[in-house]
Structures are given as C-alpha cells and as structure tokens.
Amino acid sequence: MASPISVYNSNALDTHISSTSRESLKMELLADVSLLPGEDRIIDKDIIYICPFNGAVKGKVLITNYRLYFKSSDADVAVMLDVPLGAISRVEKMGGASSRGENSYGLDITCKDMRNLRFALKQEGHSRRDIFELLFKYAFPLSHSLPLFAYVTQEKYEESGWNIYKPMEEFRRQGLPNNKWRITFINKNYELCDTYPTVLAVPFKSKDEDLRRVAAFRSRGRIPVLSWIHRENQAVIVRCSQPLVGMSGKRNKDDERYLDMIREANDTPKLTIYDARPNVNAVANKATGGGYEGDEYQNAELIFLDIQNIHVMRESLKKLKDIVYPNVEESHWLSSLESTHWLEHVKLVLSGAIQVADKVSSGNSVVVHCSDGWDRTAQLTSLAMLMLDSHYRTLRGFQVLIEKEWISFGHKFASRIGHGDKNHADQDRSPIFVQFIDCVWQMTKQFPTAFEFNERLLLTILDHLYSCRFGTFLYNCENARDQHEVRSKAVSLWSLVNSKMDIYLNPFYTPESGRVLYPVASMRHLELWVTYYIRWNPRIQQQQQSPVEQRYKELLALRDEYLKKLEELQLSDSSPSSRLANSSTPNTSSTSSTPSQQYTHLQTPL
Amino acid sequence: MLTGSKTTFKVRQMLPDIKERMLSQSGVNARSRDVFGLRCLPGECVLQRAVMVRKKLTAREGRGWLSGTLFCTHFRVAFVPQDSPRPDDNADPVLLGDHDVALASIEKVVVVGPNRTKLVTPNSSLKFTPEELVLYCRDLRVICFLFDRLTPDAQVLEITYTIAKTYQPPKPGSVLSFQNAALGSVEMKQFLSNRRRNAHMNWYESVSDWEQELERCGAMGWRVSSVNDRFEMSTSLSRFIVVPHKVLDTELKKSFAHFNEGRIPRWCWRHPRGSDLLRMASFQNNIYHEKDDIRNLEMILFGCQSSLCVVVELAEELPSPADIQLAHSRLRALCLGDISTSVSVPDDKWLSTLESTHWLDYTRSCLKKASEVACLLRGGHLTVALQEADDRDLSCVVSSLVQVMCDPHCRTQHGFQSLVQKEWVMAGHRFYSRINYHRDNDKEEAPVFLLFLDCVWQLLSQYPSRFQLTDDFLLALHDSIHLPLFSSFLANCQRERCKRSQNLGQSYTPVNGWRDMLHPDSSSDPCDPPLPPVWDWDLQYSKHRRDRFTQPVPPVPPLQPLLNGNLNTNPDTHRLADTLPGSVFLLSRGTFSCPANLLPWRSTSSGPYKKSHRRAASSENVPGLERLLKAWALTEFPQALTSTSGPQGPLDPYEPLLPLLMGPCMGLWRECYLRGALHAQAFSHPISANHLHPVERLAQEVQQLKDKLAQVSTGTDGIPSTKTAEPRRTDANLNQNTNNGTFLFPAVRPQSKAAPRMTPPPTSTTTNHQQTSRGPPPASAPPSRPVRRDNGGGSNSGNKHTFLFGHSSVTEARTYPAPNNAKLPKSNGPSLAS
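Listed in order, the protein sequences are those of chains A and B. Be aware that the first sequence starts at 1, since it is given in full-length UniProt numbering, and climbs by one per residue. Be aware that the second sequence starts at 1, since it is given in full-length UniProt numbering, and climbs by one per residue.
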C-alpha cells in the first residue's frame with residue numbers, strides 16, 4: 001500500500017509505477033524505470049528491502065550510474081524507492097556471512113536527505129560483494145576517479161539554465177554602475193581572490209591598488225564587495241570575510257579607509273558591520289589570525305548576530321533526523337524538537353537577516369561577514385535581499401539569487417555536500433544551504449502570496465543539491481567550475497526548472513514590488529518543515545492542496561488541452577488566422593501562443 | 001473639542017444615569033450616528049471619544065496602523081477609521097464593526113506610558129498620560145491603540161477611565177446590564193423579534209426538524225418521541241428525542257430511571273453504511289431491573305441493529321472538564337503573554353512549555369477517540385453508543401467530531417451549525433456553566449466547546465479542501481462564545497432556554513437556582529431583552545466578514561445529500577452480521593472486551609436476566625471489530641488517502657477524514673491563540689486590489705480559448721465532431737470533482753442555498769461543450785456565454801480576493817469593487833453590447 005515517496009518530490013525522483021498487472025509486474029519488475037539519457041544499468045539483483053514502515057519487502061534492485069531503484073515484487077506491498085546515488089553519504093555492510101537471524105546480512109545505506117536504507121541479501125556465495133562494490137564505486141565516483149553523473153548525462157533542454165544569471169545584467173538591473181559604485185574586473189583571472197567571481201562591484205573611489213591591499217587584510221582575500229543596492233536610498237549590502245586582526249590586534253589603514261568609502265557612498269553617518277558569529281567565536285578566531293573590526297574603524301558599529309558555526313548546524317540537523325527517522329518521536333514531540341535547536345538556529349538566521357534588511361531599508365549601508373564569508377554570510381545577504389527585493393521572489397529571480405549569492409560567491413557546495421566523495425565523516429560537511437532553503441520556506445509560509453514559486457521548487461532544489469545530475473551545485477567556487485568546464489559539459493538545474501515552470505508556480509502569488517517583507521522570527525511562528533524533513537514517513541501525507549490550488553491545476557490542464565486542440569484545428573484549417581484575429585477580447589492576442597509563452601503572460605500583471 | 005456633542009459626558013457624572021440616558025435616546029433618534037461617524041445601535045450612546053487614535057492592525061488585517069476615532073459606549077469599544085465610508089443609515093444594525101470589541105469581551109485594560117505599564121482597574125487613577133491602550137480580551141485577542149501626540153491628553157485619560165469603569169470586570173449580575181446595553185432598547189427588541197431565523201439550518205426544535213434529519217440520514221426504524229415534551233422525563237434532555245420505532249412511549253418512560261439524569265440512549269446520527277450513533281449517560285446502579293424493563297432497555301440500546309452494540313466509554317482516555325480548563329488556562333497564559341506583568345515564556349522554551357499545557361494532547365485524544373468511532377461506524381450495521389457519566393461534555397465533542405469526519409454535510413457552514421445545534425445546544429451541553437459568564441462558578445468552568453473547535457480546526461488544516469466552512473467561521477464562533485448575548489450559550493439545556501424565552505416559569509421548579517444566577521434582579525421582567533441565537537450572524541458581523549465564513553471554491557467532492565442508510569460495500573460487515581444477536585462490547589483503550597458488568601441488568605448479581613437471556617460472551621466477534629480499527633491504522637498510510645483526491649478515482653464521500661495524530665501533524669491554531677501576542681505578529685502579504693487573482697486570470701484565459709475553439713470548430717464543418725468527442729470526456733472528468741460548474745466556482749451544491757451568492761448561473765462545462773460539438777449552435781451563442789460567466793466572476797472578484805486571503809486591510813477592501821468593476825465593462829465591452 002505504501003510508497004515512501006512523497007507526492008511532492010521532484011520529478012527526477014518520482015518515476016511513478018504505472019498500473020501494471022500482477023504478472024507483468026513480476027516478470028518485468030524493472031521494465032518501467034525511465035532512465036535518463038546517458039544513464040546506464042550497472043547491476044540488478046533480487047534483494048530484500050527492510051522498510052522501516054512495512055517490514056521486510058522482497059523485490060528487485062537496479063543500480064545505474066545515476067540511481068538506486070528498488071521495486072517490490074509483491075504487489076500487495078507496492079514499495080518503490082528511487083534514490084539518486086548522489087544522495088548517498090555512506091554505504092556499509094551489515095552482518096557477516098556467519099551472522100544469524102533473518103535479514104541480518106546486507107547493506108546499510110545512509111542518505112544525505114534525511115533517510116537510511118537497509119537491504120538484506122541471501123547469505124549465499126558472495127552475493128553481497130558485487131553489489132556493495134559497485135554501489136560504493138558509483139555512489140562515490142570522485143573517490144574512484146570516475147566522472148560525476150552530471151558529466152555523463154545526455155539530457156537536452158531548449159533553454160540553457162546557465163544563462164539565467166549574468167552578473168552584468170544583474171548589476172544593471174540594480175542600477176549599477178553609478179557615480180558611487182563601479183564594476184571592476186580585477187579578479188578576471190581569480191588573482192585577487194580565488195573564491196570570488198570575476199565581476200565585482202566596489203566603491204567608485206577605490207583604486208585597484210586599494211583593493212589589493214584590502215585583500216591582504218581579509219581572510220582568503222575576500223574583500224568587501226557590493227551584493228545589493230537599494231534603489232531609492234542607495235544603501236548597500238556589502239559582503240566579505242573577517243579582517244585578519246590576529247592576537248596582536250593588527251590594523252590596516254587601507255581596510256579602514258575602504259569601509260569608510262562604503263559609508264560615504266550614500267553619505268550616512270554610520271556604517272553597520274554585522275558579524276554573523278557569536279561574540280566569543282569572533283574573539284576565539286583571533287587566535288588563528290582572524291578577528292573582527294575594532295574601535296579603530298571610525299564611523300562604524302559592529303553587531304554580533306550569534307549564529308553558530310557549521311559544526312553546530314550539522315549536529316543539530318543530525319539530532320533532528322534522529323527524532324524523525326524512521327519513527328517520529330511520539331511522546332514529548334515538542335520537547336524533543338526543541339532539544340534539537342534546529343528551529344532556534346533557523347530563527348537566529350532569519351532574525352539576523354531581518355536586522356540587515358531593516359538597516360538597509362532605513363537607509364544605512366551594512367557590511368556582513370562571518371569567518372570566511374561563504375556560509376553564514378551567504379545566508380544573511382541572500383535572505384535580506386529576498387526580504388528587500390521582490391524581484392528575487394519570482395521564479396527566475398530566485399534562481400538569480402542562488403546563482404549570485406551562493407554559487408558565484410563561493411559557498412563551498414563541494415565541501416559542504418561532499419558530492420561523489422566517500423568520506424562521509426568529513427568535518428567540512430554542513431547543511432548550511434538546506435538551512436537557507438528552510439528559512440525561505442518559513443518566509444513562504446508567512447507570506448503565502450509574496451512568492452511566485454511554490455514549495456515544490458524548494459524541494460526540487462534540495463533534491464538536486466545532492467543528486468549530481470546537474471552542474472549547478474558542483475564545486476566550491478567559480479574558479480573550480482571554470483577549470484572543470486561545468487558550464488559547457490553539464491546541464492544546469494534551471495534548465496530543468498524553466499522547461500516546466502508551471503509546476504513550480506504559486507497560484508496565490510500577487511506581484512507587489514517595493515514592500516519589504518519582515519517575517520516573524522519567533523519560535524511561536526516558525527514551523528518544522530514537515531513535508532521535507534519527514535517526507536519519507538508514509539504517514540506524513542502530502543499536505544492537501546487548498547481548493548484554489550487544485551482549481552488552478554485543473555485550469556492549467558484544461559488550457560493545455562484547449563491549446564492543443566486549437567493547434568490541431570488550425571493545422572487542419574487552411575485559414576484559421578483571420579478568424580482568430582477578430583476574436584472579441586483584448587487578451588486574445590496572447591492566448592493563441594504556445595504554452596511556454598502563456599506563462600510569461602501570467603507573470604506579468606495585466 | 002467635544003463641546004457641542006450632546007452624547008459626550010464626563011464619565012463620573014455619566015455612570016449613574018446610563019439607563020435613563022438610554023431611554024431618552026432611544027426612540028428620538030433611533031438610528032443615530034455619531035458626528036464622528038460611529039454608527040450607533042438603537043439606544044446606544046457614546047460615553048467618551050478620543051480623536052486621532054491609531055489602532056494596531058493584526059496579522060489578518062494586514063498589520064501596520066490605522067488612524068481614526070476611538071469610542072467607548074456602554075456596550076462596546078468602537079473604532080472608526082478615518083475616511084471610512086459613511087455608514088448606511090438604513091442598513092440593519094450590526095452589533096460589532098470590524099474594529100470593535102464588546103465591553104464584555106474585555107478581560108483586562110492595560111496602559112503603556114513612558115517607560116511603564118499599568119493595569120487599569122475601575123478605581124485606578126493614572127499619574128501619567130498613556131501613550132498606548134491595550135485591551136486584553138477573553139477571546140485571546142489583544143487590541144492595541146496608540147494615542148498620537150495629536151490626541152488631547154484629556155481625551156486620552158477620560159476614555160481610559162471610561163473603559164476601565166464600564167468594561168464590567170467579572171461579577172455576577174453584570175451580564176444583564178450588558179445585555180440591556182446591547183439589546184435592551186425598544187427598537188432593538190422590535191428588530192430582534194422580527195428576525196426570521198435561518199431556514200438553511202436545522203434547529204432541532206420541532207418534531208419535523210428531527211424527522212428531517214432522520215430522512216437526511218436515511219435512518220429507518222427510528223421515530224421522534226415527544227415523551228419529554230414538558231421535560232418531565234429528563235430535565236436536561238431536549239423536548240424531542242429519537243428512539244427505536246418498536247419502543248412505545250409508555251415503555252420508554254420506564255427506562256429513564258435507569259440512566260443518570262434520565263439521559264437514555266438516543267439516536268444521534270446514522271452512517272451511510274447503516275450503523276447508528278447513540279449517546280447515553282451512565283447506568284443508574286442500585287435499581288431493580290424488571291423483566292420488562294430489560295427488554296425495553298435492550299431494545300433502546302440496540303436500536304435498529306439487532307446484533308451488535310459497542311459501548312464506547314469516554315471518560316477513560318479523554319480529559320476531564322477540569323483537565324481541559326487547566327490546559328486552556330495554561331495555554332492562554334502562554335499565548336497571551338502579558339505586558340502588565342511582563343511574564344512571558346522565553347522563546348527558546350516555547351515548544352516545551354506549549355507541550356506542558358497538554359492542550360494538544362487533549363485535542364489529539366479527542367480526535368483519536370472520534371476516529372475509532374468513525375472506523376467502527378464505517379464497518380456498518382452496528383450500534384455505537386457513546387457513554388459518559390452525565391453525557392453532557394465529551395460526549396458532545398466525540399459525537400460531533402465523528403459526524404464532521406464522516407458526513408460532508410457537517411463540513412458546510414449550515415451543516416456545522418445544525419450539528420452544534422443538535423449535539424450541543426439541544427443535547428444539553430452546559431454552556432452557561434462551562435463558560436462561566438459570571439465568574440461565579442469557577443469549579444464548573446471548562447471550555448469543552450473550545451476544545452471541540454480546536455479539533456475541528458485540526459481536521460480543517462489537514463483536509464482544507466474537504467471543508468466548505470473556513471477557519472474564519474470557526475474563529476467567529478470562538479469569539480462569540482465569550483459574548484454573553486446569545487440564547488444558544490446562555491443556558492444549560494433546552495428547558496432553561498424555553499423558560500427564559502417563553503416565561504413558562506411558574507409551572508416548573510427551578511433547578512439549581514439557575515434562574516437566580518441568570519437574572520439576579522429581574523428574572524421575569526418582560527422587558528428582558530430577547531436574546532438572539534448565535535447563528536444570527538447578520539446581527540453580529542458585517543457582510544465583509546461573513547463572506548469569509550465559506551470557501552470561495554466549494555469543497556471536493558460535491559456534497560450530496562445522504563440518500564439512504566444502506567450503502568453497504570464493506571466486506572467486513574458480513575462477518576459482523578454473523579454475530580449472535582445481542583452482543584455488547586466495550587471499547588476501551590483501543591481494545592474490545594465484554595466485561596460481565598457492562599450492562600448492569602446482564603451482570604450476574606442482578607435480576608431475572610440471568611435466567612432467561614444468558615448468552616455466551618461471544619469473543620469470536622472481537623477480531624472482526626478489531627479489524628475495523630486496524631483499518632484506521634492502514635488508512636493512515638498515504639495512498640489510501642491521496643487516491644481520494646486528485647482527478648482520478650472519485651472518492652467515496654463517506655470515507656471518514658481520519659486525522660494524522662503524530663506530533664508533527666498536530667498544529668497550534670495560531671490564528672486564534674497567537675493573534676494577540678504583542679511581540680510577534682506574522683502577517684500575510686496583503687493582496688493588492690489592482691491585480692486579478694491568478695486563478696481568475698487563468699479562468700478567463702481558458703474561457704477565451706474555449707470560445708475560440710468553439711468558433712473555430714463551428715467554422716470547420718465536420719471535423720470537430722470527431723475531434724472534440726474524446727476531449728469532452730476528459731473535460732467532464734476534470735470537472736468531476738467540482739461538479740461541472742463554472743470555471744472559478746465550479747460547483748453549485750443542490751441543497752445549500754448559501755452558495756448562490758458566489759455562483760453565477762450554473763452552466764455546466766459539459767453542456768457547453770455538447771453545444772459546440774453537436775453541431776453548429778447559433779452564431780451568437782458562444783459569445784453570449786462568457787457574458788454570463790464574466791459577470792459572475794467579475795462581481796464576485798471583489799469578495800473573492802478578500803475571502804481568499806482575508807488579509808487586506810479594511811480600507812483596501814473597501815476600495816476593491818471599484819477597480820474590479822471598472823475593469824469589467826472593458827473586458828466585457830463587445831459582448832455586453834451584443
């Protein structure tokens with residue numbers, strides 16, 4: 001009865017079982033898997049899936065170079081698993097050839113997406129060795145000198161998602177360059193900072209030599225550069241890494257002057273520096289050469305935002321997994337949830353972003369940094385921009401936001417996620433990006449009409465954060481991406497998303513620009529994202545859609561059907577255009593176009 | 001500033017002569033309007049006003065501030081925003097405007113001054129000028145007014161004092177004067193006495209009302225008995241009760257003595273698969289069971305099902321009223337916070353503190369019990385009797401929850417109102433004592449009904465598309481509970497209600513002296529204001545608010561009347577039908593048993609039963625029953641549920657909505673409990689009036705496509721008839737859920753007459769299609785169709801926005817119709833001309 005697959009899964013993961021008869025099901029259990037272009041079968045085998053919800057389920061497993069697919073052979077328990085190998089963080093053997101007890105000999109698979117899988121095999125011969133070795137090899141291709149699947153896939157899309165973000169276009173949209181801010185190509189060859197993008201916006205007055213000197217004083221050369229500018233009051237969000245103050249309390253006049261230039265750009269008395277870390281952590285960083293801006297920075301105030309580091313976040317999510325998978329902690333659920341502190345961390349990130357957004361909307365420029373400026377800093381700047389700028393709340397704008405603040409500014413996706421890497425215990429792993437998406441989800445919950453995209457987009461993004469099917473989240477920075485020619489050799493996730501935008505649209509969306517969204521960052525109003533974290537539990541049903549949403553979907557289907565029919569008719573009719581042209585209503589001109597154009601029509605307010 | 005306004009007084013002079021003042025006011029200028037735009041009720045007069053006040057808007061209102069004038073009358077604290085449209089003098093009176101709060105709802109008045117806060121009591125004197133006035137309400141609202149520097153200090157102080165003096169801190173006797181203030185004027189009495197009662201709901205006040213319900217449920221074998229017509233059999237039961245056909249009134253009379261308070265097993269509802277739901281109080285012990293009595297008792301208990309009866313004991317796993325009261329008061333304290341005492345739970349302890357209130361545990365246990373009962377009933381052909389000691393609290397909760405889960409009719413506004421009328425008001429839930437309006441009987445106070453509303457909200461939030469009513473409706477009902485104005489809540493049973501309204505008084509002896517509590521001074525005073533039922537929503541709220549009581553899009557599937565009680569598709573029933581006649585089981589803690597003393601007359605010690613009717617405790621039936629419960633556990637798995645929605649597979653409308661009861665699935669009704677939390681108010685992005693809702697836009701587009709298709713296909717003769725044949729089927733399929741209505745508001749439910757306000761002329765898409773495909777319709781036909789449709793959609797759109805989202809501030813909402821209407825002629829231009 002139960003398929004542990006949430007209905008809201010991204011398309012890649014939910015190849016639904018078509019209704020086949022019992023016989024054909026047994027015979028061709030794996031016939032209906034629709035493989036991606038470039039996806040190849042590696043091995044298939046009879047296996048028992050130890051489902052935590054249904055008990056042991058007999059079936060067949062298929063491993064390709066992209067996925068692990070399991071389907072039960074018993075028609076009464078229709079269990080299907082479709083796991084991209086990229087989502088696997090760890091594969092272990094359980095039980096030995098001599099171990100007793102039913103189903104005690106097999107594989108234990110830990111996934112990055114909040115679930116574990118256990119399979120049992122027959123204790124005969126070396127039935128396990130083959131599958132273990134192949135799975136291990138293809139789940140962690142980089143550890144075996146194999147290419148990631150993103151380089152193997154042959155998927156083709158009409159529109160290339162790589163074009164969604166063009167730095168210059170985005171700066172121009174923000175009204176840059178202007179007489180206070182200039183665009184510099186000083187990092188064209190990643191010489192100034194190897195983890196930054198090539199195109200940077202810096203104060204107009206700053207000279208290239210200044211930038212180089214500032215880079216020497218900022219951790220990993222991540223100098224303060226502009227992320228976003230407020231159109232009316234010209235206040236800016238600037239991001240960077242910590243200053244290299246060290247134990248001795250070094251000063252750097254250039255850095256101090258540079259920050260003052262940022263303040264002068266919109267002529268406010270004070271520049272606010274948000275250090276995302278807790279105060280003590282910032283102090284502790286001095287021991288390793290880092291630190292924070294001291295009193296020597298005149299006209300600047302420093303505020304600590306108390307957000308914990310990557311290790312704390314990783315442990316918190318691990319605790320959350322413990323209480324939701326496989327079984328939800330029933331008694332004292334709320335206390336257990338509280339003790340994971342996950343929501344509290346979400347709250348601190350959100351409230352930090354709110355402070356940033358509030359400062360900027362009141363006309364003061366801000367500088368945001370943490371230690372290296374690629375984890376907490378990315379969370380804060382991108383969330384603040386989401387609150388301030390309605391463009392980022394559109395489907396395409398949100399893609400730009402992720403491309404810009406996360407991907408181009410060097411959030412270390414490769415280290416944090418560990419794509420294709422067998423080293424599951426790596427201390428660099430951390431769900432920072434998941435936490436960001438959680439914050440976005442919290443905002444969409446609090447402002448159901450303010451976002452053009454729906455929950456499904458967020459789930460799709462998180463699924464492909466791990467899947468390695470697209471090049472979007474691979475590697476740590478642009479420099480590495482260029483070296484590995486990701487853009488030319490792999491497909492962008494946004495190609496997939498933008499090829500069927502309709503399923504990611506929020507029918508409640510009402511475009512309204514110029515309003516700053518301040519979500520409530522209080523435990524009283526934050527919720528656990530049940531449909532993500534607990535989606536493998538078959539008892540968590542799909543959140544029922546509201547009737548309006550259902551109606552919207554029906555209408556979409558109707559429209560596509562009519563369009564198709566119209567097309568057919570037009571093909572068969574020699575002179576349809578004249579008849580169409582004099583149709584009655586103003587909308588008509590756009591309605592006869594193709595479906596994809598229809599959507600752009602929907603997005604633009606009438 | 002205020003000179004010249006004859007209705008303003010210094011509060012100290014004012015208070016003694018309220019009544020006199022009131023009398024002089026009424027009649028002279030019945031529909032009076034204050035010069036500052038407050039639409040007064042007949043006889044209502046303004047005690048104090050303050051200008052240039054700003055009201056803090058809540059989440060639903062779109063947040064921010066709204067400036068206007070604050071009034072205190074002897075009935076309410078009213079707020080009239082600046083530039084609000086002039087009220088229509090001829091409209092019927094509405095007790096509370098969108099920004100008003102009744103004095104009786106206020107629990108605490110707090111002022112915030114520079115660096116300090118102070119609780120204001122009637123005797124307080126303020127040593128500072130308040131900057132903010134905060135009203136804590138019983139219904140968990142917190143209303144906050146900000147005094148601008150422009151508000152004259154004197155007005156600020158005066159209105160604060162006035163509110164503090166008149167808001168009636170809980171003391172016995174204060175309720176009547178409040179009622180008089182609201183409803184006591186001659187005009188108001190006249191107005192109320194002429195009101196027609198809502199004919200769309202069942203009031204269960206007459207024999208025919210009950211018969212109508214029996215018919216609706218297809219319950220054969222039952223009849224309405226008026227044996228309790230004069231409340232002689234049971235004082236707390238309603239006049240009319242439903243009992244098995246085969247039991248005569250004379251036989252019935254003998255059975256009352258066997259039950260606590262005379263509350264014998266009565267029929268409540270029949271599941272479409274033929275099971276009956278009964279309620280009863282606990283058995284009276286120490287009573288001799290004569291042979292005839294036993295025969296009657298068994299007949300009553302088994303109802304129409306001869307074979308199987310399951311007694312569900314409610315006390316064991318459910319919270320007691322005292323538990324509920326404690327949990328609710330903890331929840332209140334937690335959610336409200338309190339700036340006057342500055343006690344607030346730190347945010348990082350919120351979740352565990354919420355857990356320790358046990359409120360969510362109690363909602364869960366009620367839902368669990370109701371789910372079990374729903375699953376039993378689904379099995380078909382058995383009788384489930386809910387048993388509670390006095391059958392007046394949790395029995396109401398469980399019986400009505402079962403019906404909300406199983407009966408789509410109960411998920412409509414009118415169906416729900418009928419349900420509450422049946423299982424609470426008429427069944428004798430002691431609203432009056434449980435709500436404790438006078439704060440004089442704290443021992444009895446327990447918000448059992450509020451717990452029920454929370455349970456319904458949980459169901460609604462898990463199955464939003466299966467309800468026609470909305471959480472706005474639940475919220476309105478929640479708030480009305482705290483207003484001592486409604487006959488529905490101001491009595492403990494029908495008898496008390498009758499006595500009040502008809503003054504039957506003399507022939508009956510008062511029980512518990514309720515009458516004295518209710519009317520300390522003037523119980524039989526014919527001038528008592530007539531109390532309206534709570535269901536008279538027109539009286540309470542503006543149309544704007546009432547429009548949000550129901551979903552803009554009707555629920556899926558179409559709600560049909562229950563046709564007969566023999567919808568029997570469950571294979572399990574056969575197994576159950578085999579059981580020996582007369583088996584009784586007890587369901588307790590999820591397991592079935594047949595303890596010897598379950599029915600006192602069957603227990604060994606008692607009477608003649610032993611000799612004649614001794615039956616084996618047929619434990620072989622237990623597995624069958626347990627399978628029914630297990631079915632519940634299975635349906636918690638998604639496929640059984642998800643297959644019920646979506647365009648494929650029509651779902652069985654009688655499949656119960658079984659809630660998920662895991663921790664993460666139980667939510668807090670934030671819109672109710674947290675709307676007052678001062679430090680944190682989430683708000684929804686207010687929708688702008690200038691855009692059509694995307695669904696509307698899409699609907700228009702689809703309509704145009706269809707028209708075009710019709711045009712094209714009629715032009716190309718022959719071809720379309722084959723081509724459209726197949727799609728037509730899919731078309732019908734797609735609309736199947738929504739009952740083939742129009743695009744935006746697809747279904748017109750046959751029995752609900754509330755729907756028409758949002759439904760354009762019901763033109764089914766299929767018929768439309770048939771027109772187009774069955775040969776060329778007259779040339780004018782296709783264009784004429786959108787006219788009707790667009791008119792429907794257009795005129796609704798103003799409303800729809802607001803009740804879809806319900807967040808736009810009032811000022812915005814008021815300007816709605818203009819842009820939309822302005823748009824209409826444009827898009828309809830050509831067609832209107834034709």
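Hint data in this document are derived by calculation from the structure and do not stem from the laboratory. Predicted, not measured: the structure shown is a model, and the values here were computed from it. For every residue, glycine included, the Cβ atom is placed at its ideal position computed from N, Cα and C. Mixed in with the good hints there might be a few duds.
[As the list claims (entries may be wrong)] Some chain B residues close to chain A (C-beta under 8 Å, calculated; not the full set):
#1 Gly113
#2 Asn115
#3 Lys118
#4 Leu354
#5 Glu701
[To be verified] Some residues of chain A that are not near chain B, with every Cβ distance over 12 Å (derived):
#6 Lys58
#7 Gly125
#8 Glu158
#9 Pro197
#10 Ile323
#11 Glu338
#12 Leu343
#13 Gln483
#14 Ser499
#15 Ala521
#16 Leu526
#17 Leu566
Now the hints, each set against the structure:
no.	hint	result
1	Gly113	violated (26 Å)
2	Asn115	violated (24 Å)
3	Lys118	violated (26 Å)
4	Leu354	holds (6 Å)
5	Glu701	holds (6 Å)
6	Lys58	holds (19 Å)
7	Gly125	holds (36 Å)
8	Glu158	holds (23 Å)
9	Pro197	holds (32 Å)
10	Ile323	violated (9 Å)
11	Glu338	violated (4 Å)
12	Leu343	violated (8 Å)
13	Gln483	holds (43 Å)
14	Ser499	holds (20 Å)
15	Ala521	violated (8 Å)
16	Leu526	violated (9 Å)
17	Leu566	violated (6 Å)
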